[in-house]
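Enquirer: Given next are the chains, with one letter for each unit.
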Amino acid sequence: MDDKKNQLIAEQVERWDLYARLTPTAFLLSSIILIIFDIIDFETAFYVGLVGFAITAVVWWWWAIFTIKYLITTLNRASKNLQEVNQEVKAITQEVKSIRNES
Amino acid sequence: MNLNNYALIKAATNIISGFSMVTLIVLGVAYMSFKNSFVYQDVQIQIINNPVTGDKDIEFAMIGSKRHECTSTRVYGTAYSKDNRAILLDRFSKQYVRNTTPGDAIPNSWSLVKPKELSPGMYRVSITGEFVCTYIVFKQEKIQSYDNILLIVK
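Chains as they are written, first to last, in the working numbering: chain V, 1 to 103; chain G, 104 to 257.
None of these hints come from the bench; they were simulated from the model. The structure displayed is predicted, hence computed values, not measured ones. From the three backbone atoms N, C-alpha and C, an ideal C-beta is built for every residue, glycine too. Some hints here could point you the wrong way.
Here are the computed lysine-lysine pairs in the DSBU-like style, where the Cα-Cα straight-line distance is at most 35 angstroms [to be verified]:
1. 138/G with 257/G
2. 245/G with 219/G
3. 257/G with 159/G
4. 5/V with 257/G
5. 69/V with 113/G
6. 4/V with 113/G
Every beta carbon over 10 angstroms from chain V, so not counted as near; a handful from chain G, in silico [said to hold, decoys possible]:
7. 168
8. 190
9. 195
10. 204
11. 207
The following label-pair restraints were derived from C-beta to C-beta distances [as the list claims (entries may be wrong)]:
12. 62/V with 175/G: 45 to 51 angstroms
13. 149/G with 19/V: 37 to 43 angstroms
14. 206/G with 19/V: 41 to 47 angstroms
15. 57/V with 206/G: 34 to 40 angstroms
With the rest of the complex left out, here is chain V (with noise of 0.2 angstroms):
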């Protein structure tokens, strides 16, 4: 399930990664080539991209909140199974120190 999820968001991230490394260039070079061909005003690209840019904003946001959630419960997780863990080794420790004594 862990695997599962971690995979989901590594995909994600890579995804984001390619998306904030061609969207601006994309957007950028289509407003040009529409405003030099007359096909629309600056005023329309610029409304264009602001609504983008909010939506992106928000969008991510929310991705960030609840990737952020979920890698939070995972480090929990992995905290509390680690001193679960300890724990069992002080206790081995101290049956073993004890066996010793007695022999």
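Put chain G on the given structure of chain V with help from the hints.
Expert: Showing chain G alone in chain V's frame:
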């Protein structure tokens, strides 16, 4: 594609994307600043031949500075009487200087023909200018008004 090429393409797209983002932000901020700015700053308009008598024209004097390159497409005045009657003043007997240089406070003057319906009395005059302004790659139509200029007709 080998690992070296992949890393190179990734780095190049990162740099290009960064520059694109900076360009978009700079252009966006410049556009907003340009769109919201007034045509004239520190502007003052007065009628210099008050009271206007007989068939004399109404003479205006103005001083102000422009931030951007702006061309006026239409300038007109409206005289409001005490009972809020509006009289259009749009016949120029002396033209104003167009395309004044941006940056400096440049004096300008013009004269408008006194219409026949402008009977003796006191009026509040509004001068409205319609402009086409350009800045870097932007072009914007703007309207700016200057109100409450006292006109006395005798």
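Enquirer: Against this structure, judge whether each hint is valid.
Expert: Right, here's what the structure says about each hint:
no. : hint                                : verdict
1   : 138/G with 257/G                    : violated, 42 angstroms
2   : 245/G with 219/G                    : holds, 31 angstroms
3   : 257/G with 159/G                    : holds, 10 angstroms
4   : 5/V with 257/G                      : violated, 87 angstroms
5   : 69/V with 113/G                     : holds, 29 angstroms
6   : 4/V with 113/G                      : holds, 26 angstroms
7   : 168                                 : holds, 25 angstroms
8   : 190                                 : holds, 35 angstroms
9   : 195                                 : holds, 32 angstroms
10  : 204                                 : holds, 25 angstroms
11  : 207                                 : holds, 28 angstroms
12  : 62/V with 175/G: 45 to 51 angstroms : holds, 49 angstroms
13  : 149/G with 19/V: 37 to 43 angstroms : violated, 58 angstroms
14  : 206/G with 19/V: 41 to 47 angstroms : holds, 42 angstroms
15  : 57/V with 206/G: 34 to 40 angstroms : holds, 37 angstroms
Checked against the numbered hints given earlier, this structure breaks hints 1, 4 and 13; the rest are met.
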